[in-house]
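Participant: So you can see what is in the structure, the chains are spelled out below.
Number of protein chains: 2
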Amino acid sequence: MSDRPIGVFDSGLGGLTVLKEIVKILPNENIVYFGDTARVPYGPRSKETVTKYTFQAINFLRTKNVKAIVIACNTATARALEEAQDKYDIPILGVIEAGARTAVYSTKNKVVGIIGTEGTISSNAYNLEIGKLDKSIKIVSKACPLFVPIVEEGWSNTDVARLTAKRYLEELKDEGIDSLVLGCTHYPILKRTIGEEVGEAIKLVNPAKETAEDLKKVLEKSNIINDNNSVSAKYEYYVSDIHEKFSSIAKEFLKKDIEEIQKIEIQKY
Amino acid sequence: MSDRPIGVFDSGLGGLTVLKEIVKILPNENIVYFGDTARVPYGPRSKETVTKYTFQAINFLRTKNVKAIVIACNTATARALEEAQDKYDIPILGVIEAGARTAVYSTKNKVVGIIGTEGTISSNAYNLEIGKLDKSIKIVSKACPLFVPIVEEGWSNTDVARLTAKRYLEELKDEGIDSLVLGCTHYPILKRTIGEEVGEAIKLVNPAKETAEDLKKVLEKSNIINDNNSVSAKYEYYVSDIHEKFSSIAKEFLKKDIEEIQKIEIQKY
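Sequence order for the protein chains is A and B. Quick note: the first sequence uses this note's numbering, first residue 1, plus one each step. Quick note: the second sequence uses this note's numbering, first residue 1, plus one each step.
Rather than coming from a laboratory, the hints here were simulated on the basis of the structure. Some hints here could point you the wrong way.
You can't tell identical chains apart in this list, so a pair holds if it fits in one copy or across any two.
To be verified - For lysine-lysine, the following BS3-like pairs were computed, each having C-alpha atoms within a straight-line distance of at most 30 Å: (1) K132 - K20; (2) K52 - K191; (3) K135 - K245; (4) K245 - K110; (5) K256 - K20; (6) K166 - K191; (7) K245 - K52; (8) K24 - K217.
Remember, predicted model here, so these are calculated numbers, not experimental data.
Given only the sequences and the hints, what does the whole structure look like? Please build it.
Facilitator: This is the structure we're talking about:
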């Protein structure tokens, strides 16, 4: 059981930042990644559609015999995680709960900032999760629609990224946040630029990292963690559409080249 | 017949820049606008899906008794204009042909730049239209994915817009273009910023303006132009989803407030 792979799923390539964190703390685990690049973004789609797409992704990952799945997509987590957990009999984790929990632990002054795509921010998913844990926390949220295309252009450490971060984050700083949740899987790539803009007093919360830690706990608890370090872990990458920019974006996210990427017909699953 | 409205359709709100040009040169015409804001963007969707959505938009506009339709959306024009012209018995115009034709007239050195969304650029729609008119023209095209969110943030005349334009357009300038097609309905809002970046020697081609002129010719030819200037023209706005930012974006596009906007269930048409 323990050498079966972990499945990681995102609407696009942002989930690779989550994969990267999993590789860091679970280096023996084999991983199968699926990015639904033909149907990205999920943000503007209905709950019904996102649930259908999420089930298709899970069905595909199960053909790879995965032992657990991480939904590395804020929209899919917000709209379909519970249904997926009800439907399937393997552990399925999202990215929002871990991020919310860490923000609650992190804040001292109980003022937390959340940044994400328009879809994630308008869903109030982080607000709901944080509210479950501590109702006294004030949440200041802000959609930052330029950040995803900035990352995808490979512009994360440019003047454009810095000025954009300044415009988006000024308001959050003025509200006195002491913790800032990077509520989109693309944003960890901008961590340095965002960190320089908000300053050291504001702690950046990366849900990808916390999700990887949650995954480790789940695998340990179920006794299905892979502790065999005598063979190299295997990583497989699948997408529903291959874009021109795939390799450069993947490299930006993973800080390494991906040797092989396979296209699948996701609507068949 | 002549007081029947013109229908203008876009996947979102960018088509309002086309509406604005129509109002300028056809001030007596009543107009019904439909923006498919629940299903924007069309770029990543298949030809089949875009055609279905376009037909639904046209079916809706026909319930308003329109006498002609402008598809003010580059993706829908590229993927569904011909099918729509075959299916319906009223004049239907797209934005690409007019833009391509104007670029061909405009260029002296036969090097033309095209900028647009990833979807429009990868479709090669402008290249195909320009090629039909003059095969000797060299086309340099560039997807500019940051421009749409910059416009939608209301940042068109900011440092972020200027630096982004500089990064995107440098390569086109280096290639020696003398004309640049603004191949996305959002881009006319950036006209000043783009113009300052490329300089006066490069002529900006706004397909919205040329499409409005084409429409005037079609109405004149069919003898259905509205020349009654004794009553004010009526403008109606419909969308499939009302976003928070709708009013501010619409104001940026039209340079005036929209009094009333109605939401419709587009999938019923």
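Participant: Determine for every hint whether it applies to the structure shown.
Facilitator: These are the hints, each one checked on the structure:
1. K132 - K20: within (29 Å within a copy, 48 Å between copies)
2. K52 - K191: This pair counts as neither: shortest intra-copy Cα distance 32 Å, inter-copy 41 Å.
3. K135 - K245: between (43 Å within a copy, 28 Å between copies)
4. K245 - K110: between (40 Å within a copy, 29 Å between copies)
5. K256 - K20: within (10 Å within a copy, 48 Å between copies)
6. K166 - K191: Answer is both; intra-copy 13 Å and inter-copy 24 Å each pass.
7. K245 - K52: Result: close both inside a copy and across copies, 27 Å intra and 28 Å inter.
8. K24 - K217: within (14 Å within a copy, 64 Å between copies)
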